[in-house]
Structure formats: structure tokens, C-alpha cells
Amino acid sequence: MTPNPPVLTQNHNISQSQAGICFHCGLELNGITDQTIDVQGEQKTVCCIGCKAVCELILAGGLEQYYALRSEFAQKAPIEKKAYLEFDDTVFQEPFCDYVEGKPNRRRAHLILDGVHCAACAWLLETSCKKISGLSFINVNLLDNTCIVEWDEDKQKLSAIVAHINDLGFQATPWSSRAHKQFQAQVEKKQLRRIGLAGIVMMQVGMFSIGLYAAGNQGIDAEYRSLLQWFSALLTTPVLLFSAFPFYQSAWRSLRQWHINMDVPVVVALTLAYVASLVATIRGSGDTWFDSVCMFVFLLSAVRYLDNRARNRFSAQVMQDDMPETCKKLRPGSDVDFEYVPSFSVKPGDRILIHRGELIPVDSELLSEQGTFNQASVNGEFRSVHKTAGETLLSGTINEGEAICVRVVKTAPQSWLQQVQRLASQARHSRPRFQEVSDSVARYFSLAVLLLSAITASFWYIYDSQRVIEISLAVLLISCPCALSIAVPSALTVTNNFLRSRGALVCDDNFIEKLSRVNRIIFDKTGTLTEGTFSIAAQHVAKGIDVELANQIASSLEAYSEHPIAKAFAALNTQPLELHNVKLHTNKGVSAELENKKIRIGSQDFCQALTEQPPPEFNLISELSRVWLCDENGWLACYELRDKLRDHVSSTLDQLAVYRPALITGDSSSGTEKFFSHFGFSDIKTNCSPVYKMDYIRQRQEQGQNIVMVGDGINDLPVLAQADVSIAMCSNNKLAQKESDCVLLSNSMALIPLLFYQAKRTISVMRQNITWALMYNFGALPLAAFGLVPPWAAAAGMSVSSLIVVLNASRLRHSHLDS
Amino acid sequence: MPSLYILIPVAMIFCGLAVWALFWALENEQFKDADKEASRILFDQDDKPSKK
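The listed protein sequences derive, respectively, from chains A and B.
So for the first sequence, numbering that gives the first Met the number 0 puts the first residue at 0; every next one is plus one.
So for the second sequence, numbering that gives the first Met the number 0 puts the first residue at 0; every next one is plus one.
Next up, chain A with everything else stripped away, as it sits in the complex (with noise of 0.2 Å):
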């Protein structure tokens, strides 16, 4: 495979040999170093033996492109090299690693990154990583410094590809949820820090320049007017240095890369502003506007705070990261005394302790008679549910009765909540074309606000120069397009969290967009409609037999078998008899001896070459599997079996007519069709190879359907990747899906029409903030060009348009079909 670079166009190129500094990370060398290395048939200087090796590497490998690519300096490399043998250690890597379901030896590693900082690190580590042998997958995610790696475990250990990463120059070290929360809460700190200075100084230069205004009317003494602009600057000057910070930092980063984000004007107007400002308090003659940059800073840094936290409201519900860290494992033979124990310790069949409003650590089954649990975070579900002795426990339930004990039957990476966490984290983040519009719009929109600001300035330069500083200044501020930046991404990310917590797990940020244009829904059976549990649906008995002894018979022979029809029988509860020389017979049924009389349970077939003749004319349900009784002195009984009906199916499915539900099926039983006529289907098909369900869908693609296909993405997945876009539910706790654009995890089909619900509302609320933000812009734009509009008003009205938007998307939060 040929690598691709990441596309990083027209990039301000760091690799031209800077005297000075070292060519590998950048840091000033002061003549103390002799260390050069051949890169291309010129000699570069490097600051150490470290940042030699890991360029030697990064040459050896053919990568070089990395150095004309990147947009950052590396980071120093560490001279010494370690061996990281803890990483081989199965205990050491219990927290971090797993196995890839289906395929054995493979596991697979979060790590934490420390030193990517931009695509061309990542496309670096990618790429040289893929060469290691056994290495199967690597995937570096930019946005929260993090890394997956799969590999063969008999072919490479995990401390050589740590090593490798290492040699690189980056530093991986084992993902955590403690470390990652630290980590989110000094970003929060620092946040706050910089909000709160702005906010405070905002106040204090907000009141000076009320005197200054009120001067402006009245009149003031020079003197005092300019002790009050001395004090305004000496107080403003933290807020651009520390508050403003991120803008700098963001609008260089795309500077570097010839790039003009919504920051650059923001930060010309700032320093435009404050330079200004200075200059006037120095001379002692003209305008300041020390407050309107407090307060435009803390404004937009309010803003942006207020968009993060909308967006992270829901991720803050029970996640992998508030996973209880340790758990109380009981000691053998007692129900009392425990022992703390890290979570991702136990082992199938210990016993765990949960108190009342803790959390199930593991997926396990309940050992105690009865408890009440709520599964908000396992599938969406807020009504508590009663669960009695034997029934499972999926991570992440949390106990809502008295204390119980239970049993575990996973470990915790592979429990359910990790697993719904391990899907969410490799979603695909493409970007939606919503927001690649908007992206784009935003772009150019910055540089026009710059070239206008200009062509704004030259005019009033010739018409009336005293104002030109305050009128440029007013159209940087007015028509900065951050409102137009946020509003899809904001809506977006609210609804994603919004389903996450009602238990549909977006696995596609295109999903919704993809979602509100589909016009037909299309269906599988089994798994799907279906939970894939059957159940008894009728039962005929021979004449002159007893129901209850026949359902006995039964019962007991089924009681050995291990197909998912003999589970019904489960249900008939009833006491086993004694049986001698069981025998099963695959696809055909069991047979047995009772009181010396041969007896068999299953296909019509199998059981007449025991009776030797035609089985009773039974009042039969056609459109049911069948399970025949019979002895060696003739037939006893017939058993219909159904699978069980997933719940709300009808209701789902009228809620969804206009999409014109269809149905096509693998099942060949006649009466499928029969029994599913009631709902409402547009069309059945049944008895369908995959190849016939992908024409299928293809034709109707063709006639220009947007089709979202629903399955249960075990078998079907190339039905689900046909569709234009594919829902997965899941059966039976069984969480195998990533090629779908969406997972629901709760067995309820309820939210299928809760998707497209969100999705039309998702959709419009994007367009609504888009066209605010547009005509915010667009109208905002002249009235600043006129000179009607102060400074300060216009960093006012900027913030306020964006918390619109914020606020606007933050209404996706609640659905009222909820209830």
C-alpha cells in the first residue's frame, strides 16, 4: 500500500534549514553541538544524539516527507532508549488491552500519545508503524492524543511497537481514565482561569472607561484622563497576554499552514485595538478601546466555553471514565466480607459486593433473590427494572435496591459498557458536507471580513480620518464568523450525545444528515423484528393424552437439547421426569427412554419413523415452526413455537408508514408473510439470499430511493453496507457491530422513529443557525462600514449571535416525543 500523506495544502514549510536550530525538533543548538545528518544530500545540523536517531529512523523508513509536511518541530527525542517490558506483562496490560472478537492472538491497545501535535505526526506514526511486523492496525486520533494498535500476539510483542513509537520521538503511555480525566480537568482549569481574568478586568476597565465617556461629553482634565487609559492599559495587558491566548495560538496554527481561520480576525482586532489604544494613551490625544477588548475576549472565551460544555453534557453520563475503579470482590464461603479489588481483576466466576447505588463493574449475573436496577447507561432505558436470581447484569447498571451479591461472568474489556465505549471511540469523524460548507463559507467569510475592513479603512481614511481606527475596528468585531463556524457542529454534537443517552450510538457523523434524507425503510426478520428467542405459541395434544404429562415429556427431553427452540420449553416449568439413553439427533430432535418406552421430540419426520403413521389432524397454525411429540405407541402432542415479537414493533412500524416499511427475509417458512401482513409492511419478501436483499436494495437505489436498511448487523452485513444508510440492533446483549452508521443498544424498536424525529430536527436547527449566523453577518457588516455602530456594541453583538447559536443547538437536548 502506497502511504498517503495527510493533505496539508500549500503548508508553510519548517523544513527549510533554519541556521541555528536543530532539524529535527526545533530547539536552538548555541554552537553546542557537532551532530549533522544527511538528509537528501544536505547536511542538517541536529541538537542531539536523540533527535539524530529518530530522523536516521524516520529516513530509514522512507518517510521524509514528514519533515516537508508537518507544521510543528518535533519533539526533543529522549537520548536514552528503554526496553518498556512492563507493556509485555498480561497484569500491566489488563487496564488497556483486549481481544479482537473472531480472530484469535489478535489484541488490541489504547494508548495515550504525548507529542502528536499535528496530521503529519500522525501520518508519520501511521505509516512507520504499519511496517512493524504483526502489526495489523493502527489508528492515531489528533483530537484527544490518543492511539489503537492491534496486533499479532504471537508475532510482536507490544513492547517493541511501544519502542518503536518511542523511537519516533512520541511518547505512548497506557490509556487510562484517571489520566484522561486529569487531563480534561487542567484543560477545564485553564479555561476557567482565562474567563475569569477577562471577566474580572472587564468590569474594573468598563468602569474607567464610563468615566471616559462621561469625560467625553463633559470634559475632563487631561491629567486625569489620562491616569485612567494609564490604568486601563496596565489592566488589559494580562487579559491579551493570558485570556487571549488560545486566539493567538489558533490563528498562527493556521496561519502557518496559509490558511485564514475565524480567529485571524478576531486577533487583528485585537491587537489592532489594543496597539491603537496604546499609542493614543501615550500620546495623550485620542480614542481608547481597552474595553472593548476586555470584553470582546471574554465574551468569545465564554462562548466557546458555554459550546464545549453544551457539547460534553451527555459524555459526562456514566462512561467508561466513571467506571469504578476498583470493586469489592467477596472472599470464598461469605456473603459479608470483602476485599477491595481493582475492576479489571476479577475473573469470571468471582463474587462482587454492589451496594445500593453502585455500579455493576462487570457484565455478571445476579446471584442475590431479586433487586431493582436502573440501565440508563447500558441501553437508554430510565424506568428502573426488577430482576430476579440468574439474570445478567450488564456493566454500567446501577443498583438501585439493597446490597446484592453477584457473579461475574466477564472480564471487564470484555463487558458491555467498554465495549459500547471501545464502538464510540472508533467512529468514523467524517466531516458532514453541512459542515464542510459551513467550514468553507467561514473560511472565505474571514478573509472578506479582512479585505472589507481594509477597503472600510481607506475609505474613511480619505473621508473622515479621525474615525478610521474605531469604524475598522468596529467591522473586525461585528462580523468575526465564529456564530457561522459553531453552527453545525454544535447541533450535531448535542444530538450524538442526545441519542447516545436514549440508547442509539451514533457510529457516523454523516449519519443524521444521511438520515434525514432517506424516504424508505427497509427491514430484516430475524434479530431484528425479532429477538431471536422463540417462544410456545400452541400446543395440540393427541386425544386421550394429558396435557400436563405431555408437557412434561417434553419438557424433560428439550431440557437436554441446546437449540434456541428448546429454551420455550424452559418456560412450561414444569418437574423433569427421569429419562434413560438420551440421545440428540442434529436437526431432527431428541430421543429417549421413559418407563421403558421409547419416546422422541422434534421434526415430523423424525418422530414418524417411530410412530409408523400419519400424525392426527391437529387444528395447526400454519404459519408456525413445529415441534411433534410422540411415543413408540403413537403421537402425543404438536408444540407451536414463535420467535418472540420485539416490543413496540406494531406501533414503530406505524409510526414509520410514510417510509414505506418493507421486509425481506432468509426465513423460508410459509407463514411469515401471512403473519406480518398486519403490519403494515409495503412489500415482503421472503426466502432471500443476501445477494437477492442487495439487488433488492439496489434496484430501489436506483430508482432513486435513499433507503436505510435495518438489520441486525451479525449476518447481514453486506445487506447494511449496501443501504444508503444502516441501523444495527442489538440481539441478545451482543454488541458485534461496526460497519453500521448507527448501533441501538436498547431491545426496543421504539427508537427507531426517535431517530428520524432527531435527525429532521437536527437538520433544521443547522439551517437555522446558518442562516442566523449569514444574516447576522451579512447585516451586521454595513451598519459597522457606516461607522453606526461602537466597538464595544459590536463585540457585544457578536457574542450574542454566537450564544444564539449555542443556545439554539442546545435545544436538541430534549425531545418532547420522550414521553
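The hints are simulated quantities; they were obtained by calculation from the structure and are not laboratory data.
Heads up, a few of these hints could be off.
Claimed, not checked - Which residues of chain A face chain B? A few of them, derived with a C-beta cut under 8 Å, are:
| id | residue |
| --- | --- |
| 1 | Q203 |
| 2 | Y223 |
| 3 | L583 |
Just so you know, even glycine gets a beta-carbon here, dropped at the ideal spot from N, CA and C.
Mind docking chain B on chain A? Use the hints.
Leaving out everything else, chain B in the frame of chain A:
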């Protein structure tokens, strides 16, 4: 008006105090758990030995 020469530095001191207090509160995670601290006063537990 000359009083401004005293009043403004005083205002600056208070401004500085406010910033310091905010930074201190953030550093000590005073905003982390608003629920617990709000109801803590309602509990009678007293670590100090009672004088009676």
C-alpha cells in the same frame, strides 16, 4: 478629583484580590462539587471536642 490617585490604586488592589480569589478557588476545586458543600452546613458532625 485628586482623590482618584488614591481611589484608583485601591480599586486595582481589590481587582487583584478578586482575580487572586478566583484563581485560588479554581485551584482548590471549590467549584467541583457544589452540592456537597451546600448541604455540609446542615450536618451536626463537629470534629472539635465539645467544651462542655
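Kindly indicate which numbered hints from before are broken by the structure, ordering the numbers from low to high. As far as the earlier hints go, only 3 is violated by this structure.
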